[in-house]
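Residue numbers (our numbering), protein chains in the order written: chain S, 1 to 395; chain Y, 396 to 555; chain U, 556 to 730.
No lab work stands behind these hints: they were computed from the structure. Warning: the hint list may mix true and false statements.
[As the list claims (entries may be wrong)] Listed below are the simulated BS3-like cross-link pairs for lysine-lysine, each with C-alpha atoms no more than 25 Å apart in a straight line:
hint	chain 1	residue 1	chain 2	residue 2
1	Y	472	S	247
2	S	341	S	85
3	S	198	S	177
4	S	198	Y	472
5	S	177	S	85
6	S	198	S	341
7	S	85	Y	484
8	S	85	S	247
9	S	247	S	287
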Amino acid sequence: MKRRVPKLSFPIGPQHPALKEPEQLQITVDGEVVVDADIRIGYIHRSIERSCQDRTYIQDLYLCERVCGICSNAHTLCFATTVEKLAGVEVPRRAQYVRMLMHELERIHSHMLWLGVAGHEVGFETLFMYVWRDRETVQDLLEMLSGNRGHYAMTTLGGVRHDLTPEMIDKCREGLKHLRERAEYYADIATTEATFLKRASEVGVVSGDRCAELGATGPTLRGSGVGFDVREYFPYSGYDEIEWEVKTSELCDVLGRTLVRVLEVIEACNIGMRVLDDLPDGEVQAKVPRKIPEGEAVGRVEAQRGELIYYIKSNGTDKPERVKIRTPTLSNIPSGVEMVKGGYIADITISFASIDPCFSCTDRTVVLTDSNNGDSRQITWPDLVNLSRTAGKGQ
Amino acid sequence: MTMTASELVEEIQSSYEGELAEAEARSEVDAWVGVAPQEIQKIIRHLRDTHAPVHLSTITGVDLGESIGVIYHCVAKGVSLNVHTAVPKGDDRIESITPVLPAAILYEREVHDLLGVEFVGHPDMRRLILPEEWPEDDHPLRQDDADPAQGGKESEEESA
Amino acid sequence: MLSGLVTWARAKSPWVCHLNCGSCNGCDIEIVAALMPRFDLERFGILLEGSPRHADVLLCTGPVTRQIKDRVVRVYEQTPEPKFVIAVGTCGISGSPFSPGYNVLGGIDAAIPVDMYIPGCPPRPDAITYGVIKLLAALDPLAAELVEEIESKQDTSSLVYLAPEKAEAEVAQSQ
């Protein structure tokens, strides 16, 4: 029996009816089912690529860090490794290992953030609170190592800015041990908790082949069974020296992507411990010249959301000629749109959120167009989340 | 199955039936192949057919002065394969590769938005990241326009 | 200090609406972290509200981009008086490091009047909490007492900055 769509009315702000609404997600529906979806982006376009050309390499390091507040270390790591390729500088081994540690700690913080937000999207507020409380452990570790809870600025051209003291190493080990226990608990919830399974299983299904065709990367792709991980294909920063595993899931739905992320948190804890056990001695920074010789280079890292790629062209001066950044969310958006199609309106939030788009993307307006009569109405993301909690699946 | 960059370059040189302007292995994993713009769909199709799966990481546009360089960054057989071409500024049109690699759909829109290159045959060439009211012919990453930091040619008319 | 704060907050319960104007999400995450069990803003009655029409305080993050400017202004107009705007984060204050840039208009005050600035990249959740309470001290003498108590116990001079008109008013009041 078809469920009547509740009338959702809320003020849009009629003071300036002539102003265009910033519709960001445009959905065509037939009753409760999504027939087509389209997304518009650009609201946080800060002209970073152009600004990079007017700033020196070291200034660009701090600028690129702020492309995203959640993957900031991945950006500096990718930028630094690409510039080091251009300059022909070899980073000391100890610095590589510290970079690996920061990279994995950031992966833990991001995946836990996502898990909490995913719980919030399906109405599992307890999970949200629990996960974010546990996430404070990794935030404390990051603050201890670098001095800041976000935008750590730990990676610099030629290595890392600070070394690890023996006390820091002990605290990290303790923290990682605690995080691994908690992550194992969350893996258990994800696979056995009936309320979560009902909202995540068989929702947002896209096959591995289709994801790969659309250019998806990261947990979005690995949750559909395709094992592409930049750390394995193009090892950087010492990943070829440490024993670790790529995590995939054959489920191809939201549950599959959730599992991949939780398993990656456990694996990140393991990698962190191995890095601390095998930490080589030596310097933590090599000298990189101010003027980078002419050339072009491509750098890739496995950021939390997927493959992050930088292309840098240098012209012999201290400012780059061109910096191109492709963030992983852009590679996953076509797959995200695919996940929403064919599902229910109530599942839009969790399906789209399962590609782990930037957090600010959740603060947007959605336009729903009825495919039968062309009527359209607007609905905000928080209202969709409410609908997702009250409507359930297919009821 | 993986290859080194030089193995892949040799393989492409021997099996590709079109003309290669450049084919170089710049490191163990970085391969760079250059073609004329008319050949782009042909070479991407050849790569997809002979070395599947081909993952398209992104497409970069770069202002080279007289022309706009377009670089297709791919991953094939474990190699970072970069296929590059260039279109003259007076005639900056190139065939879209979306029929061959659907992943190109958003990347071509971005290059068009920021550099003005037209991708013929793209199913949906709307703006991707610049504001709606941005002037049509102003592409911030092109070096020949008015100073982009001022917001393009019509910065005074645009309400701040 | 805590019992006084709880009494005050129960009476006033300021609701905040968070608005992302173009931020990298760093500050947004710290605002959400302020609501989580570790810092727990909600025990003070401070609720994160989705609609600006129910908000007392607008917490704005990020530099203002061209696309977002009209929307920010519209949200500001929808918020009922008395309302306060807090610019959270360095790019909310000045647009830096993105400014100058062709799509960036500056900090939050390029679009709407701002009452308080909280620097940091990102600022800590404690600084954000303190900022919200300090701003509301302008409305409520009980909150003002609390702020005095907090300030007597630690040096908060670099945590937050009031807008010049507000700061002048504070100086005038204390004289």
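query = Can the restraint linking residue 247 of chain S and residue 287 of chain S be considered satisfied, given a maximum Cα separation of 25 Å?
reply = violated, 36 Å
query = Given the hinted pair residue 341 of chain S and residue 85 of chain S, is their alpha-carbon gap at most 25 Å?
reply = violated, 42 Å
Residue 85 of chain S paired with residue 484 of chain Y [C-alpha distance capped at 25 Å] = Violated: residue 85 of chain S and residue 484 of chain Y sit about 30 Å apart, past 25 Å.
key: 25 Å Cα cutoff - pair residue 177 of chain S, residue 85 of chain S   = The given pair, whose Cα atoms are some 35 Å apart, is violated under the 25 Å limit.
message = Does residue 247 of chain S sit within 25 Å of residue 472 of chain Y, going by the straight-line distance between their CA atoms?
response = holds, 20 Å
task = For the pair supplied as a hint, residue 198 of chain S and residue 341 of chain S, confirm whether the alpha-carbon distance does not exceed 25 Å.
result = holds, 19 Å
request  = With a cut-off of 25 Å on the C-alpha distance, tell me whether residue 85 of chain S and residue 247 of chain S pass.
outcome  = Not satisfied, since the Cα-Cα distance of roughly 29 Å exceeds 25 Å.
ask   = Taken at face value, is the distance from the CA of residue 472 of chain Y to the CA of residue 198 of chain S at most 25 Å?
value = violated, 39 Å
ask   = residue 198 of chain S and residue 177 of chain S: Cα distance at most 25 Å?
value = With Cα atoms ~31 Å apart, residue 198 of chain S and residue 177 of chain S exceed 25 Å; violated.
When held up to the earlier numbered hints, the structure conflicts with 2, 3, 4, 5, 7, 8, 9 and fits the remainder.
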